[in-house]
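Enquirer: Each chain is listed here by its residues.
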Amino acid sequence: CFPSQVVWDTLGNRQFCSYKITTKTQNFCRNEYNLTGLCNRSSCPLANSQYATIREEKGRCYLYMKTIERAAFPRRLWERVLLSKNYEKALEEIDENLIYWPRFIRHKCKQRFTKITQYLIRIRKLTLKRQRKLVPLRRKIERRENRREEKALIAAQLDNAIEKELLERLKQDTYGDIYNFPIHAFDKALQQQDAESESESDAEAEEDDDEDKREFVEADDSDLSDFEDMDKLETSSEEEQEEEEEVEKKASHPKSKGKTPLKGPARRKRPYIEIEYEEETEPTTKTKAA
Amino acid sequence: AGDGSGPGGSAAAEVGEPPAPQRVLFPPTFSVSEIKNKQRRHFMFLRWKQQQRKEKLAARKKRRKEREALGDKAPPKAIPKTIENQRVYDETTVDPNDEEVAFDEATDEFAPYFNRQTVPKILITTSDRPRGRTVRFCEQLSSVIPNSHVYYRRGLALKRIIPQCIAKDFTDLIVINEDRKIPNGLVLSHLPDGPTAHFRMSSVRLRKEIKRKGKEPTEHVPEVILNNFTTRLGHSVGRMFASLFPHDPQFIGRQVATFHNQRDYIFFRFHRYIFKSEKKVGIQELGPRFTLKLRSLQKGTFDSKFGEYEWIHKRREMDTNRRKFHL
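These protein sequences, in sequence, are chains A and B. If you count the first sequence from 1, position 222 lands on 222 in the UniProt record's numbering, and the numbers rise without skipping. If you count the second sequence from 1, position 218 lands on 218 in the UniProt record's numbering, and the numbers rise without skipping.
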């Protein structure tokens with residue numbers, strides 16, 4: 001009997017083979033010289049005295065061959081041939097080296113070689129693209145940063161800071177004429193003398209600026225009094241700024257009057273005595289975001 | 001009692017003092033940590049601690065009595081120490097009158113913006129395959145920043161996107177990095193060759209998660225508040241944020257975007273304000289909120305391998321001192 005046949009009868013079918021992996025549907029062979037990866041009579045490198053494989057190392061493909069003559073010399077058993085980088089040339093080299101070899105081995109070698117070159121191409125393409133670098137999170141550091149962030153948030157007192165900044169800007173006249181609060185010193189003194197709580201009637205009573213009304217309406221309907229108007233009245237004497245309900249009804253007028261707020265040419269005359277209150281939106285806008 | 005007198009007795013034997021728990025006198029060179037026996041050492045430490053506390057209480061009482069006795073003439077109370085008070089003085093703190101800094105800022109990459117030569121146009125994108133939260137956050141962010149556009153990433157390399165953006169006249173690029181379905185990083189790059197800042201983003205709250213919020217932000221250009229950016233680095237970062245928004249805010253809109261720096265954490269909030277009177281203003285929060293912590297500032301546009309870094313957060317050096325901040 002041929003030795004290969006004996007080997008197959010023992011290892012392949014009956015007894016234990018350490019390279020064999022059995023699954024429900026198929027048997028695999030873990031041997032690194034196996035051509036197909038399956039455990040078959042024709043693919044087992046142990047059970048075939050004449051065998052060939054393709055293996056790749058560091059991106060280059062080699063053809064490994066085993067013949068009966070060298071069966072007694074395990075160290076020289078596998079002969080290695082470097083294949084050319086050119087695909088067609090390499091196929092020819094395989095054909096040359098495996099001339100007169102069984103069809104099965106030749107065919108499977110070429111198939112394996114094709115597969116290997118394909119995956120090598122893929123690797124090269126992927127390394128050119130962006131490679132995502134995974135940076136591990138350190139638990140202690142994350143916890144520490146979260147804690148410090150909370151404490152910083154408490155120390156920041158954001159609402160107060162924002163309000164202070166806005167009031168500063170109001171005082172420094174960055175808003176110009178939109179808001180009708182008397183910002184001149186004389187009026188400030190007057191207001192300071194008054195009580196803290198400024199109700200509408202109070203404010204109206206003490207204003208001597210010829211203003212008819214005091215708006216707690218969202219900076220709408222701001223009547224420019226005469227004396228505040230002085231520097232802005234080049235165009236017409238009694239034009240007033242008008243900011244309609246576009247601020248409230250944003251859905252309806254997205255950008256109708258959204259031009260320059262202060263001195264835009266689109267001003268409209270309004271009847272002088274008219275107090276408008278937008279009830280629906282006032283309460284919401286007046287609540288502070290605590 | 002036995003335990004108390006034992007260690008006390010031995011301490012007395014060592015030190016030669018009466019073992020009275022009330023008034024324990026130690027020679028100045030003695031320290032509790034020199035006792036080798038853990039039990040005794042612990043006991044002596046507790047006694048020392050009690051003594052300290054008593055002394056402190058007595059001192060406080062005395063001070064209070066003095067203060068009451070003096071009445072109006074009492075010296076003002078001492079200012080309590082806070083981390084901001086105790087902050088290590090940073091030598092790069094910008095003096096408002098510094099000419100060098102002013103000159104630098106007149107000639108840096110943001111000068112065209114501050115001279116009103118360019119109008120900001122922002123491109124907002126994410127990392128690959130953003131999940132729902134990130135997408136919604138991007139949309140909300142683009143509603144907050146005027147003249148901004150959201151584009152899907154689709155696996156494109158940043159280095160290729162950037163020349164295209166420059167060609168299409170974008171001035172800034174924001175990339176929101178996502179991890180496990182939440183946004184956790186922000187890369188802000190000023191486009192025509194400007195600095196790139198990489199932040200760690202945390203505490204992201206979308207609009208619906210904010211309690212007592214207002215309505216949607218409108219299209220008006222908001223004002224910008226930048227708080228507490230004191231050092232030179234803070235100044236550059238602050239200018240980066242300022243250059244995201246168009247230079248002329250529309251005061252009709254009464255919206256304000258705030259970047260508040262506290263202990264190196266930058267809090268972003270978006271509010272609508274209304275002046276109830278000259279001294280009172282009400283604010284109502286709309287829009288998303290998030291916190292940023294600067295990780296690195298790089299001179300050119302985004303290039304992680306070959307870029308020249310102006311500042312990187314080095315954990316071992318910068319995190320050790322709790323009173324030293326960099327922004």
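Derived from the structure by calculation, the hints contain no laboratory data. It is possible that some hints are incorrect.
EDC-like cross-link-like pairs, simulated, lysine to aspartate or glutamate; straight-line CA separation at most 20 Å [claimed, not checked]: (1) K151(A) to E66(B); (2) K66(A) to D95(A); (3) K279(B) to E163(A).
Beta-carbon label-pair distances, calculated as ranges [stated by the list, open to error]: (4) K305(B) to Y119(A): 51 to 57 Å; (5) G176(A) to K280(B): 18 to 24 Å; (6) K85(A) to T107(B): 39 to 45 Å; (7) K54(B) to D173(A): 53 to 59 Å; (8) N97(A) to R180(B): 25 to 31 Å; (9) Y119(A) to Y152(B): 36 to 42 Å; (10) D173(A) to K305(B): 22 to 28 Å; (11) K324(B) to G176(A): 55 to 61 Å; (12) I21(A) to K324(B): 48 to 54 Å; (13) I182(B) to Q157(A): 22 to 28 Å; (14) L167(A) to R131(B): 28 to 34 Å; (15) L156(B) to S18(A): 37 to 43 Å; (16) Y309(B) to R80(A): 47 to 53 Å; (17) Q50(B) to L137(A): 41 to 47 Å.
Cβ coordinates follow ideal geometry from the N, Cα and C atoms, glycine included.
Enquirer: Could you see if the CB distance from D173(A) to K305(B) stays within 22 to 28 Å?
Expert: violated (50 Å)
Enquirer: Just to be careful, I want the Cα atoms of K151(A) and E66(B) compared with a cutoff of 20 Å; is the pair within it?
Expert: violated (35 Å)
Enquirer: G176(A) and K280(B), beta-carbon distance inside 18 to 24 Å?
Expert: holds (20 Å)
Enquirer: For the range 47 to 53 Å, tell me whether the beta carbons of Y309(B) and R80(A) fit it or not.
Expert: holds (48 Å)
Enquirer: Quick check: does the Cβ-Cβ distance between K54(B) and D173(A) fall within 53 to 59 Å?
Expert: Cβ of K54(B) to Cβ of D173(A): about 58 Å, so the range 53 to 59 Å holds.
Enquirer: Between I182(B) and Q157(A), is the Cβ distance one that fits in 22 to 28 Å?
Expert: For Q157(A) against I182(B), whose Cβ atoms are near 27 Å apart, the range 22 to 28 Å holds.
Enquirer: Take the C-beta atom of N97(A) and the C-beta atom of R180(B), compute their distance, and say whether it sits inside 25 to 31 Å.
Expert: Cβ of N97(A) to Cβ of R180(B): about 53 Å, so the range 25 to 31 Å is violated.
Enquirer: Determine whether the Cβ-Cβ distance between Q50(B) and L137(A) falls within the hinted range of 41 to 47 Å.
Expert: Given about 43 Å between the Cβ atoms, the range holds.
Enquirer: At the C-beta level, are K85(A) and T107(B) separated by a distance inside 39 to 45 Å?
Expert: Check failed, 54 Å falls outside 39 to 45 Å.
Enquirer: Holds or violated: K279(B) with E163(A), Cα cutoff 20 Å?
Expert: Roughly 10 Å between the alpha carbons, so the hint for K279(B) and E163(A) holds.
Enquirer: Take a quick look at whether K66(A) and D95(A) sit within 20 Å of each other, Cα to Cα.
Expert: Judged against 20 Å, a Cα distance of about 16 Å means the pair holds.
Enquirer: Just tell me: holds or violated, for the beta carbon distance of L156(B) and S18(A) against 37 to 43 Å?
Expert: For S18(A) against L156(B), whose Cβ atoms are near 49 Å apart, the range 37 to 43 Å is violated.
Violation of the numbered hints given earlier is confined to hints 1, 4, 6, 8, 9, 10, 11, 12, 14 and 15; the remaining hints are satisfied by the structure.
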